[in-house]
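Chemist: Using the hints, position chain B against chain A.
Residue numbers (the working numbering), protein chains in the order written: chain A, 1 to 113; chain B, 1001 to 1112.
Treat the hints as calculated values from the structure; they're not laboratory data.
Note that CB positions come from ideal geometry on N, CA and C, so glycine has one too.
Warning: the hint list may mix true and false statements.
Using C-beta positions, here's what the derived DEER-type ranges look like [said to hold, decoys possible]:
(1) B/G1062 with A/S21: 23 to 29 Å
(2) A/S16 with B/V1013: 42 to 48 Å
(3) B/S1022 with A/G26: 31 to 37 Å
(4) B/D1065 with A/K65: 39 to 45 Å
(5) A/A40 with B/F1099: 19 to 25 Å
(6) A/F27 with B/D1065: 20 to 26 Å
Pairs of lysine-lysine, DSSO-like flavour, derived with a Cα cap of 27 Å [said to hold, decoys possible]:
(7) B/K1024 with A/K42
(8) B/K1024 with B/K1074
(9) A/K42 with B/K1108
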Amino acid sequence: EVQLVESGEGLVQPGSSMKLSCVASGFTFSNYGMNWIRQAPKKGLEWIALIYYDSSSKYYADSVKGRFTISRDNSKNTLYLEMNSLRSEDTAMYYCAKGFDYWGQGVMVTVSS
Amino acid sequence: DVVMTQTPPSLSVAIGQSVSISCKSSQSLVYSDGKTYLHWLLQSPGRSPKRLIYQVSNLGSGVPDRFSGTGSQKDFTLKISRVEAEDLGVYYCAQTTHFPLTFGSGTKLEIK
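Same shape as in the complex, but just chain A (with noise of 0.2 Å):
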């Protein structure tokens, strides 16, 4: 069974840095590439990263990019989004996905002075 489980949710000041993970289990995790995508409160979907299987490539919306790095480390099967210089708008719920085709149950990050 695909498992995908966020870890990092927190409260931060507008200004500070943050550190996401999703460990993966259930597939062979270097085989695919893995997305980020958040959901602010009461809100649509929203793309933020996507990262190859093997790091060789990686893009970003332009709302985080600069601000925002995907990475994984494949012999941990773990993905990472580590954000920067975060804003009240990157208030939201924040998923990692296989593809599109699994999606974890998400962490509440809340920037808020």
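Modeler: The following block gives chain B in isolation, referenced to the frame of chain A:
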């Protein structure tokens, strides 16, 4: 960016009825490999999204065949035949042909 326009924004249907949701993209979703990367997702209340259909018409694992997807190029439709109570939630179309990947704004399905 590819804009995904979903209609209607909401639907209210009785159990057993059929419904259709439209998704139109601002650009063709046919990739250079000839495949069309248009997908449908359902977010049930309080849950993570779940993929229902991938590449226009392929049913995801465990998805009932009451769900079907059709379309091509820029015009796509999700049909739910014989709606059941468990189908309530917000349906999203999504494209993974072009970066940035984009989603429709969602269609909220309510059960009468």
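Chemist: Checked against the structure, which of the hints given earlier come out wrong?
Modeler: none
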